[in-house]
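Student: As you go down the protein sequences, you meet chains A and B in turn. Under our numbering, the first residue of the first sequence carries the number 7, and numbering increases by one thereafter. Under our numbering, the first residue of the second sequence carries the number 7, and numbering increases by one thereafter.
FYI, nobody ran anything at the bench for these hints, they're computed from the structure. From a predicted model like this one, the values you see are computed outputs, not experimental measurements. Treat the hints loosely; a few may be bogus.
Unchecked claim - Distance windows between CB atoms, simulated: (1) A/A326 to B/N106: 43 to 49 Å; (2) B/V132 to A/D205: 29 to 35 Å; (3) A/N122 to B/V182: 55 to 61 Å; (4) B/V132 to A/E118: 57 to 63 Å; (5) B/E245 to A/K129: 40 to 46 Å; (6) A/R251 to B/G278: 16 to 22 Å; (7) A/E118 to B/D212: 40 to 46 Å; (8) B/D316 to A/E118: 51 to 57 Å; (9) A/N255 to B/P373: 19 to 25 Å; (10) B/E245 to A/E118: 25 to 31 Å; (11) A/Y332 to B/K89: 54 to 60 Å.
Stated by the list, open to error - Using 20 Å as the maximum straight-line C-alpha spacing, the simulated EDC-like pairs for lysine to aspartate or glutamate come out as follows: (12) A/K163 to B/D366; (13) A/K275 to B/D366; (14) B/K249 to B/E209; (15) B/K249 to A/D241; (16) A/K85 to B/D366; (17) A/K129 to A/E207.
From the three backbone atoms N, C-alpha and C, an ideal C-beta is built for every residue, glycine too.
There are 2 protein chains.
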Amino acid sequence: MNVEIITIGDELLIGQVVDTNSAWLGQQLESEGFHVIWKTAVGDVESDMLTAIDAAMHRADVVLITGGIGPTKDDITKKTLCKYFDSGMHFSEEVLATINELFSRNGRVLNELTRNQAMVPDKCTVIQNHAGTAPCTWFERDGRVLVSMPGVPYEMKWLVSNEILPRLKKQFRQDVYILHHTTWVTDYSESLLAIHLTDFENELPDGAKLAYLPQPGLIRLRLTVHAKSEAAATDIMNEQQAKLRKLINGHILTEEDKIPEVVVGELLKEKGCTMGTAESCTGGRIVSQITSVAGSSAYYAGSVVAYSNDVKANVLGVNAADIERYGAVSKEVVEQMAQGAIRQLDCDYAIATSGIAGPDGGTPDKPVGTVWIAVASRNKVLSECNRFGMIRESNIQRSSNHALLMLLGLIKED
Amino acid sequence: MNVEIITIGDELLIGQVVDTNSAWLGQQLESEGFHVIWKTAVGDVESDMLTAIDAAMHRADVVLITGGIGPTKDDITKKTLCKYFDSGMHFSEEVLATINELFSRNGRVLNELTRNQAMVPDKCTVIQNHAGTAPCTWFERDGRVLVSMPGVPYEMKWLVSNEILPRLKKQFRQDVYILHHTTWVTDYSESLLAIHLTDFENELPDGAKLAYLPQPGLIRLRLTVHAKSEAAATDIMNEQQAKLRKLINGHILTEEDKIPEVVVGELLKEKGCTMGTAESCTGGRIVSQITSVAGSSAYYAGSVVAYSNDVKANVLGVNAADIERYGAVSKEVVEQMAQGAIRQLDCDYAIATSGIAGPDGGTPDKPVGTVWIAVASRNKVLSECNRFGMIRESNIQRSSNHALLMLLGLIKED
Chain A
7 MNVEIITIGD
17 ELLIGQVVDT
27 NSAWLGQQLE
37 SEGFHVIWKT
47 AVGDVESDML
57 TAIDAAMHRA
67 DVVLITGGIG
77 PTKDDITKKT
87 LCKYFDSGMH
97 FSEEVLATIN
107 ELFSRNGRVL
117 NELTRNQAMV
127 PDKCTVIQNH
137 AGTAPCTWFE
147 RDGRVLVSMP
157 GVPYEMKWLV
167 SNEILPRLKK
177 QFRQDVYILH
187 HTTWVTDYSE
197 SLLAIHLTDF
207 ENELPDGAKL
217 AYLPQPGLIR
227 LRLTVHAKSE
237 AAATDIMNEQ
247 QAKLRKLING
257 HILTEEDKIP
267 EVVVGELLKE
277 KGCTMGTAES
287 CTGGRIVSQI
297 TSVAGSSAYY
307 AGSVVAYSND
317 VKANVLGVNA
327 ADIERYGAVS
337 KEVVEQMAQG
347 AIRQLDCDYA
357 IATSGIAGPD
367 GGTPDKPVGT
377 VWIAVASRNK
387 VLSECNRFGM
397 IRESNIQRSS
407 NHALLMLLGL
417 IKED
Chain B
7 MNVEIITIGD
17 ELLIGQVVDT
27 NSAWLGQQLE
37 SEGFHVIWKT
47 AVGDVESDML
57 TAIDAAMHRA
67 DVVLITGGIG
77 PTKDDITKKT
87 LCKYFDSGMH
97 FSEEVLATIN
107 ELFSRNGRVL
117 NELTRNQAMV
127 PDKCTVIQNH
137 AGTAPCTWFE
147 RDGRVLVSMP
157 GVPYEMKWLV
167 SNEILPRLKK
177 QFRQDVYILH
187 HTTWVTDYSE
197 SLLAIHLTDF
207 ENELPDGAKL
217 AYLPQPGLIR
227 LRLTVHAKSE
237 AAATDIMNEQ
247 QAKLRKLING
257 HILTEEDKIP
267 EVVVGELLKE
277 KGCTMGTAES
287 CTGGRIVSQI
297 TSVAGSSAYY
307 AGSVVAYSND
317 VKANVLGVNA
327 ADIERYGAVS
337 KEVVEQMAQG
347 AIRQLDCDYA
357 IATSGIAGPD
367 GGTPDKPVGT
377 VWIAVASRNK
387 VLSECNRFGM
397 IRESNIQRSS
407 NHALLMLLGL
417 IKED
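Please build the complete structure, drawing on both the sequences and the hints.
Tutor: Spelled out as structure tokens, the structure:
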């Protein structure tokens, strides 16, 4: 089944808000075998919305719309859908009851604008939203479904998980099975890997496709298979994945679609160990990657983000004379940072970074992109000096990825 | 001038990658007076790409495409553009020279696939990419421009800032001036604010528009003005903004389009003061918000992310008996965390959080959503207990925003 996503709101077009909703939706839908074929973002403009909706209703089996259903005047999705489906509106006491319940829970008093959220189109099924005031509406025409949802991420997520996906699965029997399999590859450039896999790619059967998603220091290789049944898709996938595995043996970080911080976390949980970080140039990027994983408190003790030399010395116990002698960006300091993290945070493993992310701060000896990374266990410390590039964001991300890979190596050795 | 953005890649549709490129592009274009009217994301599928390109070339003056121009087989944008513009390809020695330069800088050896990146369409202007191997291509038809760029964020950003925007500004004289003005409003729900501003909205002149962008605990209110000249737009904006200011006096966090962490940073720089954080339930969210601001090292000393009680006691100096007696989620502990951060990180101000973000961990006394937040200066500490909701992500974001607002209040008082 083909799905199209339409996101509505000027804030998405002018870049005031990054659209994370549609990526999340894509993941949920694909994991249930729905195929997202197209995404459109338009502003709060009736004519553009009508054009986008009509095009989508001719291309896809299911059209999911987010945004534009708040109580304020700039939100015109509900009105526009009534126009498209030639529908009137009526007041729903049921929706009002849900809103009242939500308000009384938070101790808030209902006002006229919010009360109007209970006005719903006649020609739709109303799906109650227990996470906010805007009800979700489900329209059908010619066997196609259009669902209008709030743009507030946690409201949309609640509705999709609890209401929309279960209903879609019931209504649409899958006629094409889609499988994705991801392999994280290390120590390869994108083009060298592609040359290495030329024959493999040329020999892929119909319905199978290979995609390269490079990021600093890592390549996420995605194999996709479309087939008529789950069994057929699984057979093709297993065969091709086995072939691929042989070809890139020794360069595989993991064969699951897991970001490095998840792989590290699972290994630590398995071993019953904990970790912490002591970050300078990555400025908290590694911590925030690690704590973004649900359940990370099981293996994550804490972090010290040490921008200033005083914090490096006072909190992490780095020798102040060594900072003076070797500079903050040095083997001596980064190793002491990692060991200090182990001691201060009382954890089994630690990562430390100290470098010059840029754009300023470079010297002839230590140009922008120079990053020292250390990983330590309770009785071992390893460090490496990297020369990354000139671009700050790339340097931070590359340092974070590289540090997590170094830590993985150390944990596996132990 | 109207601009349309097309992003290409299956990874965007299946949600393997969040599209941050188009938000960044939207910001850059709008700030130069180009109006982004539409965004489309399609997969690496020739027919879909051709449909999207053709629709865009009939709607917009400028079409910007990102993605699908890497060296690997799944990238088909260049070939598809040749088909659309009915163009052949030739080998460009100039592009090869740029690639060679890039490779020699990184000590890498050129291979056949990368060499093929120097094949360029006949019917375009080639714009050299000094940040990667894929050249940027600029097509024109019937006075409209289409530019194809890499999807790798730092390559795309380098090209847009240094090449594309300057060329677009030269080619297109602006006939409509667009101004945005953002006001951050506190202590209002979206619907109550909208009721309060009903008359203001109804009386807005033609070409002016008000939008509400709510987030946990804050509303970003955006006034947009379209006019024939810069002077006319400025006049309308000044008049309306003055009217608005009177109406919501006392609820304005800032009148610039600045997120709270930027406002805090500017105030600290102005005062020559520093800050740090001691986070438990926000798990590094506040640190990473603060260090995401360029130049934050001027006022940001460091952070301790203290998930475990041991780290709270050993690193931040919280009294272990108090943790035992009152629990980690308590006034006593959160205040000691803030004071410990001031002492350990030797900073002028600190934020501390300790709460139950959920979904698990609640008790009848301290249900999910209970969050203690403290802010401290060297001689003062303030704390508050908040009862947020049941949703983890919303609780973390609400806590972070609320903590930054509390800190702002404390700094302004001092």
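Student: Each hint should be assessed against the structure and marked as holding or not.
Tutor: Structure-based check of each hint:
1. A/A326 to B/N106: 43 to 49 Å: For B/N106 against A/A326, whose Cβ atoms are near 46 Å apart, the range 43 to 49 Å holds.
2. B/V132 to A/D205: 29 to 35 Å: holds, 31 Å
3. A/N122 to B/V182: 55 to 61 Å: Given a distance of about 33 Å, which is not inside 55 to 61 Å, the answer is violated.
4. B/V132 to A/E118: 57 to 63 Å: Distance hint for B/V132, A/E118 holds at roughly 59 Å.
5. B/E245 to A/K129: 40 to 46 Å: Holds: the Cβ-Cβ distance is about 42 Å, inside 40 to 46 Å.
6. A/R251 to B/G278: 16 to 22 Å: Taking Cβ atoms as reference, A/R251 and B/G278 lie about 58 Å apart, which means the hint is violated.
7. A/E118 to B/D212: 40 to 46 Å: violated, 27 Å
8. B/D316 to A/E118: 51 to 57 Å: holds, 53 Å
9. A/N255 to B/P373: 19 to 25 Å: 51 Å Cβ-Cβ, so the 19 to 25 Å window is violated.
10. B/E245 to A/E118: 25 to 31 Å: holds, 28 Å
11. A/Y332 to B/K89: 54 to 60 Å: Check passed, 58 Å falls within 54 to 60 Å.
12. A/K163 to B/D366: Judged against 20 Å, a Cα distance of about 18 Å means the pair holds.
13. A/K275 to B/D366: Satisfied, since the Cα-Cα distance of roughly 19 Å is no more than 20 Å.
14. B/K249 to B/E209: Judged against 20 Å, a Cα distance of about 11 Å means the pair holds.
15. B/K249 to A/D241: Violated - the C-alpha atoms of A/D241 and B/K249 are around 67 Å apart, more than 20 Å.
16. A/K85 to B/D366: violated, 39 Å
17. A/K129 to A/E207: violated, 49 Å
Hint compliance for this structure: hints 3, 6, 7, 9, 15, 16 and 17 are not met, and every other hint is.
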